[in-house]
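**Student:** Kindly produce the complete structure, drawing on both the sequences and the hints.
There are 2 protein chains.
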Amino acid sequence: MRLKPPSGFRDFEPRDMILRKRVISTLENIFLRYGFDPIETPVIEHWEVFEGKYGEEAETKLMYRFKDPWSDKWFALRFDLTVPMARFFSLKRPSLPFKRYHIGRVWRHERPQKGRYREFWQADVDTVGSPYPEADAELLDLSINAMLKLGFRNFVIKLNDRRVLKGIFEEELALSNVIEVYRAIDKLDKIGYEGVKTELRKIGLNEETVNKLLEIISKEYDVEKNIIDLVDQFPKNKNVRDGINHLSSIIEYLGSNKKYVTFSLNLVRGLDYYTGPVWEIILKDIQIGSVAGGGRYDNLIEKYAGASYPATGISFGVERLIDAGKQLGLFKTEKSTFTEIYIISMTPKAYKMAWSIARELRDNGFFVQIDLMRRSERKQREYASKKGIPLTIIIGEKELSTNEITIYLRETGERITAKRKELINVLKARIKK
Amino acid sequence: MRLKPPSGFRDFEPRDMILRKRVISTLENIFLRYGFDPIETPVIEHWEVFEGKYGEEAETKLMYRFKDPWSDKWFALRFDLTVPMARFFSLKRPSLPFKRYHIGRVWRHERPQKGRYREFWQADVDTVGSPYPEADAELLDLSINAMLKLGFRNFVIKLNDRRVLKGIFEEELALSNVIEVYRAIDKLDKIGYEGVKTELRKIGLNEETVNKLLEIISKEYDVEKNIIDLVDQFPKNKNVRDGINHLSSIIEYLGSNKKYVTFSLNLVRGLDYYTGPVWEIILKDIQIGSVAGGGRYDNLIEKYAGASYPATGISFGVERLIDAGKQLGLFKTEKSTFTEIYIISMTPKAYKMAWSIARELRDNGFFVQIDLMRRSERKQREYASKKGIPLTIIIGEKELSTNEITIYLRETGERITAKRKELINVLKARIKK
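Sequence order for the protein chains is A and B.
Under the numbering used here, think of the first position of the first sequence as 284, with each following residue one higher.
Under the numbering used here, think of the first position of the second sequence as 284, with each following residue one higher.
Accuracy of the hints is not assured; some may be wrong.
[To be verified] Computed far set for chain A versus chain B, every beta-carbon distance over 10 Å:
1) A341
2) E342
3) P377
4) K397
5) G398
6) T410
7) V439
8) L456
9) R484
10) N494
11) R524
12) K542
13) M629
14) I653
15) G696
16) A701
[Claimed, not checked] Pairs of lysine-lysine residues, derived as DSS-like cross-links and limited to a Cα-Cα distance of at most 30 Å, are as follows:
17) B:K287 / B:K336
18) B:K632 / B:K670
19) A:K715 / B:K304
20) A:K542 / A:K485
21) A:K304 / B:K473
22) B:K586 / A:K670
23) B:K635 / A:K541
24) A:K344 / B:K356
25) A:K567 / A:K495
26) B:K541 / A:K635
27) B:K336 / B:K473
28) A:K304 / B:K615
29) A:K715 / B:K716
30) B:K704 / A:K542
31) B:K715 / A:K715
32) B:K432 / A:K304
33) B:K397 / A:K350
For the record, the hints were derived by calculation from the structure and aren't laboratory data.
Beta carbons are placed, not taken as given, at the ideal position from N, Cα and C, and that holds for glycine.
**Tutor:** In structure tokens form, the structure reads like this:
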């Protein structure tokens with residue numbers, strides 16, 4: 284019997300879960316501060332919901348698609364949380380702006396490797412209804428605060444606008460269909476500049492165009508000065524102007540937080556549906572790819588709703604953040620239990636008292652374990668110690684006769700005694716909830 | 284384009300999610316009080332993990348099974364959380380007792396109807412390693428406290444032990460294979476006594492046996508007196524004795540909580556893997572089926588681990604609890620947002636101040652929305668009111684010049700003024716976090 288999960292799928296032990304829950308609830312709290320509310324959608328959608336939304340590679344190679352054995356209809360596991368949100372929005376038509384967050388799993392049939400899984404968690408925030416830079420700026424501000432709250436310091440948000448690229452490519456290089464060019468540039472991190480050149484040649488660009496294009500995207504730009512220069516360079520190009528104006532407004536709203544943002548013409552994002560600003564959060568100290576990414580997609584919802592709704596969003600990669608935080612020493616997986624108190628029964632007679640103390644502690648909100656296996660004092664002690672449970676309460680003959688309880692504090696090695704009726708107060712002073 | 288999720292699958296709006304999150308976190312807090320820790324497993328498992336565990340109907344008709352298009356292997360969506368836990372335990376071999384909780388979705392291809400979905404949430408707690416009634420009693424004690432904490436009062440835990448039934452059936456009715464008989468009895472709630480009779484005839488029992496069997500299971504038993512009588516009735520039957528002794532111990536541990544328990548010979552549970560005590564929680568005031576159920580399964584883990592590990596658990600049906608709580612008026616879905624404060628910008632000039640106040644409030648932990656759509660004061664007010672956001676802060680020319688902020692309290696209609704620098708303290712007094 285194969286006991287391991289399918290390749291690319293994972294089990295999480297309590298030690299992993301304790302960290303995951305902390306990271307996820309930190310993100311969630313930040314999302315709530317910015318006025319986003321939770322929704323949930325099924326893990327399965329009708330195939331047609333996904334069809335034509337992500338590009339060919341995703342649809343033919345990466346999606347978990349299967350035929351429902353009963354209805355003979357095609358279903359697929361969700362590939363991201365953005366498309367299900369677009370469907371949800373179109374069905375429910377909530378009042379605008381619709382600001383939702385959604386934290387959940389998605390599935391992609393990638394080659395499993397370090398930091399890349401087939402089942403992984405995304406934490407998404409999206410705003411539907413506003414075409415204005417305020418909505419984008421709010422998401423970037425939220426992202427910066429989320430990163431800081433998680434403990435990251437040395438990160439940068441790479442920012443671009445697809446209209447700027449499109450404008451330059453059209454005017455300078457006379458390119459009409461830029462989606463394929465975006466896909467080639469999106470691989471830059473993985474395949475480098477030479478790799479991107481090869482890809483561009485493959486889609487039919489001549490050598491001169493390839494070189495010019497590479498020159499444009501490889502330049503460093505200052506977030507405030509250079510992006511204005513670009514408008515001067517292409518004074519009559521509406522796309523460049525619209526893109527740059529939008530980015531400038533975003534940066535103005537960010538105030539002092541703009542120090543986390545750089546302008547990068549080589550950032551395009553892989554998915555087809557983006558229409559304006561796009562961004563990614565990169566950690567400077569380690570090579571782990573982006574930990575979050577997003578952008579504006581003003582035309583996606585129309586495919587479901589029939590009418591056009593501007594929308595913008597960002598998706599945090601939960602495992603990327605966790606893996607990065609561990610690597611940087613910010614997150615530790617030391618705790619393997621939430622249990623705060625273990626009650627040792629030294630004799631079978633003590634068990635009744637242990638049960639009654641456990642009940643009282645639990646009623647007071649403490650996380651408590653008692654012996655369920657009729658083990659010796661030593662075995663119980665070993666278990667509590669191995670699990671790293673911070674407090675141990677010992678109940679034996681002496682405790683039964685004197686009604687005084689002995690408490691052992693693992694971290695300091697301290698032993699204290701408490702009268703039975705004062706126990707709760709003594710523990711409340713030691714365990715802050 | 285079909286915008287609705289597949290049949291039996293559901294979307295959850297913020298208003299649903301706010302209630303769901305409350306119910307789930309209440310359960311989770313109770314699980315932690317009893318020393319259970321969280322784990323997570325993939326939604327997909329190799330088919331062989333499930334094969335032969337749930338009985339024929341489940342495997343042939345109810346499970347979402349599909350062939351992985353890449354590996355040509357058979358996979359299935361998980362049908363419950365118990366079997367994945369057994370696999371997880373056998374792979375990881377954590378120290379004993381292994382006490383885990385797991386709250387997540389499972390999939391069953393049932394006929395969708397009121398209160399019955401194809402994708403639904405279970406909240407499971409299980410203890411591996413203890414064959415003793417302490418472990419079962421702890422789960423029942425936990426269940427009673429969970430129900431009370433959720434607000435339910437008029438409920439009963441139906442308790443039985445499969446060994447008691449097996450002993451009686453063997454001695455009185457000379458039945459050897461009782462699994463089919465259990466399945467027939469399990470349908471009692473759905474098909475009634477006459478229906479069960481028909482099922483029993485179908486599997487070959489003669490009329491006399493059918494009648495005797497029905498007489499046995501339809502009797503009312505008192506949780507303390509009658510179960511002891513049963514031992515006197517079958518003095519030499521080891522199964523009856525073992526079962527009754529185990530149940531008696533459970534009831535003794537429960538102390539005053541035993542008032543929530545009844546002894547029911549007609550409770551068997553549908554799944555094949557139970558070996559000892561079984562239980563279900565029933566609400567007395569409404570017809571909704573059981574809201575939780577579980578029991579002891581001492582032989583399941585052996586199928587994965589090779590060695591035998593006693594185990595016992597309970598599974599709460601999250602949607603059943605929510606549907607029941609709504610029907611009984613315990614749960615309300617009035618709130619459609621977590622947002623606490625909406626900041627209205629009366630003029631475009633006020634927006635900058637709104638943004639800076641929003642930042643300060645968010646840094647102080649408040650959940651805040653500001654205008655992202657450049658709407659009129661009236662439209663902003665309508666939005667805040669429709670969402671039911673409790674506090675509105677208004678910023679206009681007056682506020683800009685005097686640095687005094689107006690706060691409007693939706694519930695009481697009150698209007699208060701606060702100096703800019705005292706705003707946080709004024710709000711902290713109004714919004715308890």
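**Student:** Could you run down the list of hints and mark each one as holding or not?
**Tutor:** Structure-based check of all given hints:
Listed as a non-interface residue, A341 of chain A keeps its Cβ farther than 10 Å from every Cβ of chain B; the least gap is roughly 14 Å. At roughly 12 Å from the closest C-beta of chain B, the C-beta of E342 of chain A stays outside 10 Å, upholding its exclusion from the interface. For P377 of chain A, the requirement that its beta carbon stay farther than 10 Å from each beta carbon of chain B is not met, with the minimum near 7 Å. Remark: the non-interface label on K397 of chain A is consistent with the geometry, its nearest Cβ contact in chain B lying 18 Å away (cut-off 10 Å).
No beta-carbon of chain B is positioned within 10 Å of the beta-carbon of G398 of chain A; the least distance is around 17 Å. Its beta-carbon lying about 6 Å from the closest one in chain B, T410 of chain A breaks the requirement of being farther than 10 Å from that chain. Listed as outside the interface, V439 of chain A is consistent with that label: its C-beta sits roughly 21 Å from the nearest C-beta of chain B, beyond the 10 Å cut-off. The claim that L456 of chain A is not at the interface with chain B holds, since no C-beta of that chain comes within 10 Å of its own (minimum 35 Å).
At roughly 30 Å, the least C-beta separation between R484 of chain A and chain B is larger than 10 Å, which holds for a residue marked as non-interface. With a least CB separation of 39 Å from chain B, N494 of chain A remains clear of the 10 Å interface cut-off, as annotated. Here R524 of chain A stays apart from chain B, with its beta-carbon at least about 20 Å from theirs, past the 10 Å limit. Every beta carbon of chain B lies more than 10 Å from that of K542 of chain A, the smallest distance being close to 15 Å; the non-interface claim holds.
Distance check on M629 of chain A: its Cβ is at least 16 Å (rounded) from any Cβ of chain B, clearing the 10 Å threshold; non-interface status holds. With a least beta-carbon separation of about 8 Å from chain B, I653 of chain A fails to lie farther than 10 Å from that chain, contradicting its non-interface assignment. No Cβ of chain B comes within 10 Å of the Cβ of G696 of chain A; the nearest lies about 22 Å off, and the non-interface call holds. Every CB of chain B lies more than 10 Å from the CB of A701 of chain A, the least distance being 20 Å, so the non-interface label holds.
Between the alpha carbons of K287 of chain B and K336 of chain B the distance comes to roughly 33 Å, so the proposed pair goes past 30 Å and is violated. For the hint pairing K632 of chain B with K670 of chain B, the CA-to-CA distance comes to about 25 Å; that is within 30 Å, so the pair holds. Distance restraint check for K715 of chain A and K304 of chain B: the Cα-Cα separation of roughly 24 Å lies within the 30 Å cut-off, and the hinted pair is therefore satisfied. Restraint check for K542 of chain A and K485 of chain A: the C-alpha separation of about 38 Å exceeds 30 Å, so the hint is violated.
Between K304 of chain A and K473 of chain B, the direct Cα distance comes to roughly 40 Å. Violation of the 30 Å bound is thereby established for this hinted pair. Between K586 of chain B and K670 of chain A the alpha-carbon distance is near 27 Å, which keeps this suggested pair within the 30 Å criterion. Proposed proximity of K635 of chain B and K541 of chain A is supported: the alpha carbons are some 16 Å apart, at most 30 Å. Of the pairs offered as hints, the one joining K344 of chain A and K356 of chain B holds, with about 17 Å between alpha carbons and a cut-off of 30 Å not exceeded.
Between K567 of chain A and K495 of chain A the CA atoms are separated by roughly 28 Å; this keeps the pair inside 30 Å, and the hint holds. For the given pair, K541 of chain B sits about 16 Å from K635 of chain A by alpha-carbon distance, which is consistent with the 30 Å threshold. The hinted pair formed by K336 of chain B and K473 of chain B meets the criterion: a straight-line CA distance of about 23 Å does not exceed 30 Å. For the hint linking K304 of chain A to K615 of chain B, the alpha-carbon distance of about 27 Å falls within 30 Å, and the restraint holds.
Pair hint K715 of chain A plus K716 of chain B holds up; C-alpha atoms about 17 Å apart against a cutoff of 30 Å. Between K704 of chain B and K542 of chain A the CA atoms are separated by roughly 26 Å; this keeps the pair inside 30 Å, and the hint holds. A threshold of 30 Å between alpha carbons decides the hint, and for K715 of chain B with K715 of chain A the separation of about 19 Å falls inside it, so the pair holds. Restraint check for K432 of chain B and K304 of chain A: satisfied, since their Cα atoms lie roughly 23 Å apart, inside the 30 Å limit.
Between K397 of chain B and K350 of chain A the alpha-carbon distance is near 26 Å, which keeps this suggested pair within the 30 Å criterion.
In this structure, the hints that do not hold are numbers 3, 6, 14, 17, 20, 21, in rising order.
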